[in-house]
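Number of protein chains: 2
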Amino acid sequence: MNEQTKFLLGEDRIPQAWYNIVADLPSPPPPVLHPGTGKPVGPDDLAPLFPMALIGQEVSGEQHIEIPRPVRDIYRLWRPTPLHRAHRLEKALGTNARIFYKYEGVSPAGSHKPNTAIAQAFYNKEEGVAKLSTETGAGQWGSSLAFAGALFGLEVKVYMVKVSYSQKPYRRALMETYGAKCVASPSDETDSGKAILKQHPDSPGSLGIAISEAVEVAAKNPDTKYALGSVLNHVLMHQTVIGLEAIEQMEQADAYPDVVIGCAGGGSNFAGIAFPFIGKKLRDKRDVRVIAVEPAACPSLTRGKYAFDFGDTGHLTPLVKMHTLGSEFIPPGFHAGGLRYHGMAPLVSHCKELGLIEARAYHQNPCFEAGVQFARAEGIVPAPETTHAIRAAIDEALKAREEGKSPTILFNLSGHGHFDMQAYTDYFAGKLLDQDYDPKALESSLSHLPKVAAE
Amino acid sequence: MNEQTKFLLGEDRIPQAWYNIVADLPSPPPPVLHPGTGKPVGPDDLAPLFPMALIGQEVSGEQHIEIPRPVRDIYRLWRPTPLHRAHRLEKALGTNARIFYKYEGVSPAGSHKPNTAIAQAFYNKEEGVAKLSTETGAGQWGSSLAFAGALFGLEVKVYMVKVSYSQKPYRRALMETYGAKCVASPSDETDSGKAILKQHPDSPGSLGIAISEAVEVAAKNPDTKYALGSVLNHVLMHQTVIGLEAIEQMEQADAYPDVVIGCAGGGSNFAGIAFPFIGKKLRDKRDVRVIAVEPAACPSLTRGKYAFDFGDTGHLTPLVKMHTLGSEFIPPGFHAGGLRYHGMAPLVSHCKELGLIEARAYHQNPCFEAGVQFARAEGIVPAPETTHAIRAAIDEALKAREEGKSPTILFNLSGHGHFDMQAYTDYFAGKLLDQDYDPKALESSLSHLPKVAAE
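Protein chains in written order, with our numbering: chain A, -17 to 437; chain B, -17 to 437.
Hints were generated in silico from the structure; no laboratory data involved. Bear in mind the structure is a predicted one, so any value in this text is a computation, not a measurement. Please note that the accuracy of each hint is not assured.
One copy or two, it doesn't matter: identical chains are merged, so the pair holds either way.
Cross-link-like lysine-lysine pairs, in silico, DSSO-like; alpha carbons within 27 Å at most [unchecked claim]:
id	residue 1	residue 2
1	Lys163	Lys413
2	Lys107	Lys262
3	Lys73	Lys163
4	Lys107	Lys73
5	Lys73	Lys113
Please construct the entire structure, taking both the sequences and the accompanying hints into account.
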């Protein structure tokens, strides 16, 4: 095996600016609406929740936004992340496809999430904020914001979906090691939490509920702002360092992807790897297929409706147009907690509508099968979320073998699975179900979408 | 903060050869003795346990031994590992000391252990071995050999100390993900295990017992060899890639360490970072202090006797001269499972006798305090074992501050703590005891050292 395995960049090659895909899209994404008036929200509506710098980024049409020096200085702790050629996986699959993966699990918190956590903590600190509140499902986002809070001296409070809080004590321990406070959601600390507990004392929680709690705390406390780990435009933009680095690393490898793949829950790691390549397609006519992979049990892009909806269960957020399963939708149990969100990032949804991306959905057992095959070939044990991207990459490589083709495939290895080993244990024990969503529940949830005059 | 954070090497800079410190030592280490005859063992005595290539390395006096191409090809998955300058930790400490750390946690199994696991699996595969048996305490070695077995198509059976088997189900899940079989030790699969269980049905196990089981299986099955994760000369030599890379990376940083620090249980990660620097001291007169850091509850280097002793509890191994607490010694409970061994590698012990290294011991609470301070400054959450090295590095930096000095400190960050978060939870809950070893138990254990005519 003579060819290079890892493509590294020095820290002087950390991108100087994030890439804002809005500047290159053929049409702008729909505005964000106030649920009361049905009119587009202005900066003042969002000011209780976010610092002005991030509100500005949320609505920016600039193609590039400079990454502040202190953010790049912290990125240096782990960025640029390596790009790997999966020689051993290719051999195991007997494919002529060339498979590359960008490995975001080298961050201290173990996933791509710190790319935006650090940026958000920086802007909040700059504007004198003392505390951040947020939600977390599987815990990757909560631990990333906790890490960011430790570096900037911000207090961080994390509302963790109760079922994960119980099942993943080590994610909680990680947040506490970084100095954050972690509470099981629904909690009795907020009105949103109390309302749920009154109706469902045994509620296992959900991302939608935890978002309501975290948003409420920020809205009610002047020294506290809210931080979201996915979905919003500025969050996706912060993640574009992934794809920007990958473009330079693929050049090092003398290659360019025919296919770019990412798993998609809220959409941030997917956008992070994909948007810079979609930008090159739009600007430089570099053709590329882009595939978003989601769980069959929570299939917003493949089965949801493209409509205005709330981002949370408690209906405290503005309305955003996205592929949604309805804010009441509760997916059946599966292990990729980071993919359990009822909606998809508006910008990703918009790209889907524009025909710039494909989407597909997988059940969890074939994803874990792919994750195990990957681990035994390449060493890295991927997060359950990431196994969805690996499944798609392997399927593309196998299809290429059958068709006698040799495409170049790039996927984002968004995080490692070190805090998710129970999922692997359950997989080996044959305990994982490949449940579909309940079509009637989806129908009901979609029938309760908010009415919006603009539609 | 203008100065560079990470010092990277391309995969073409993976060392071509391991460094064998024996070639440079002023006197050779004592021979390994047959417990029956008291005479030095020959290759035939070891052949049931190890492939001939490794037996050759164990007794080699060559200064360098070439790393086989297939081993270097696998090293490329994660090597060279990064060398970091701990800018943020320095700032937090208010020290003018420059602190560097070599980060071995980027390996797929999360520690330095794959450096030798891959090499051992390779040589066994080359000589037609089908199965490997081994022991593991905290699980870092077991998961590393499991990883190596997956890459070379070798069956791996791991005897895991029972208390860790119960407390660390996710380490076990990691081994199983790599395809290895993991059994709680003492088990009823071996005579050694059965003998212990008969006397102590509730035995929590120990590394010494697990070694006996793994050695027995290899000795009795012609298709099975034994693999050890530390202590032996060839294992320490395989780890020298750490220090060899670090020397080149320190040159990149325009620096040379005044102090090199590693935690020491069996001695392999310590030797890995230290031996190449000791070699430069012996050959090139580059002065350097070298500090081995061990737990106060299991202090072989600082409180043990330098004597011939068995490597295991069941007395199946040859006798090696080392700093030992006696093979019957059972340390009180503490979290750094990888440092719970009764002896110290013969080569490390020999270096101590020659005055080439210092040793110190810490209790676990100050080590975890150092680990948390490190995580909040640098992001990486270190393994409990590694926190011992961090404690010493911080203490050296604080001493420098008091003395108005600015030394350059290098330590080995041997692994991350992702599978050890229960230890952090216990630390924050104030549940960790700083127990000393029982002096009477030590006295008793040392009184049962084997009698050896050669001494």
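Item to check | Status of Lys113 relative to Lys73 across identical chains (alpha carbons, at most 27 Å) | outcome: For Lys73 and Lys113, the Cα distance is within 27 Å only across copies (23 Å; inside one copy 49 Å).
Checklist entry - Between copies, within a copy, both or neither: which fits Lys73 and Lys163 at Cα up to 27 Å? => result between (45 Å within a copy, 25 Å between copies)
Checklist entry - Under a CA distance limit of 27 Å, which applies to Lys163 and Lys413: within one copy, between copies, both, or neither? => result between (32 Å within a copy, 19 Å between copies)
Checklist entry - How would you classify Lys107 and Lys73 at a CA-CA limit of 27 Å: within, between, both, or neither? => result between (48 Å within a copy, 19 Å between copies)
Next on the checklist: Regarding Lys107 and Lys262, is the shortest C-alpha distance of 27 Å or less found within a copy, between copies, in both, or in neither?
Outcome noted: For Lys107 and Lys262, the Cα distance exceeds 27 Å both inside one copy (34 Å) and across copies (47 Å).
Hint 2 from the earlier list is the only one contradicted by this structure; the remaining hints agree with it.
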